[in-house]
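Peer 1: Sequence:
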Amino acid sequence: GGWGLGLSLVRQIALRHGGRAWCEAPPEGGTLFAVELPAAPQAEATRA
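Numbering (my numbering), first residue to last: 1 to 48.
By construction, these hints were calculated from the structure, which means they are not laboratory data.
All values derive from a computational prediction rather than experimental measurement.
Check before you lean on any hint, since a few could be wrong.
Estimated spans, in silico, between C-beta atoms of each pair [claimed, not checked]:
(1) Gly-2 - Gln-42: 35 to 45 Å
(2) Gln-42 - Leu-5: 32 to 42 Å
(3) Trp-3 - Pro-41: 33 to 43 Å
(4) Val-35 - Gly-2: 13 to 23 Å
(5) Gln-42 - Gly-4: 31 to 41 Å
(6) Gly-6 - Gly-29: 17 to 27 Å
(7) Leu-5 - Ala-25: 18 to 28 Å
(8) Leu-5 - Leu-37: 17 to 27 Å
(9) Leu-7 - Pro-27: 13 to 23 Å
(10) Trp-3 - Leu-37: 22 to 32 Å
(11) Val-10 - Pro-41: 22 to 32 Å
(12) Gly-4 - Pro-27: 19 to 29 Å
Don't be surprised by glycine CBs; every beta carbon is placed ideally from N, CA and C.
The whole structure should be built from the sequences, with the hints applied where relevant.
Peer 2: What follows is the structure, given as structure tokens:
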């Protein structure tokens, strides 16, 4: 059980970082949840 906030929060976080989150129902069954975020510029990636 829960309040169903998880996916909504993930979507909002992704959007605020310039990305997106979505779900799909493939014809073979199951559910696919995906998050896509833009790559960090090279200078930022080396500092992390």
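Peer 1: Hint by hint, say whether it matches the structure.
Peer 2: Comparing the hints with the structure gives:
no., hint, verdict
1, Gly-2 - Gln-42: 35 to 45 Å, "holds (39 Å)"
2, Gln-42 - Leu-5: 32 to 42 Å, "holds (35 Å)"
3, Trp-3 - Pro-41: 33 to 43 Å, "holds (36 Å)"
4, Val-35 - Gly-2: 13 to 23 Å, "holds (19 Å)"
5, Gln-42 - Gly-4: 31 to 41 Å, "holds (38 Å)"
6, Gly-6 - Gly-29: 17 to 27 Å, "holds (22 Å)"
7, Leu-5 - Ala-25: 18 to 28 Å, "holds (21 Å)"
8, Leu-5 - Leu-37: 17 to 27 Å, "holds (20 Å)"
9, Leu-7 - Pro-27: 13 to 23 Å, "holds (22 Å)"
10, Trp-3 - Leu-37: 22 to 32 Å, "holds (25 Å)"
11, Val-10 - Pro-41: 22 to 32 Å, "holds (24 Å)"
12, Gly-4 - Pro-27: 19 to 29 Å, "holds (25 Å)"
Taken one by one, the earlier hints all hold for this structure without exception.
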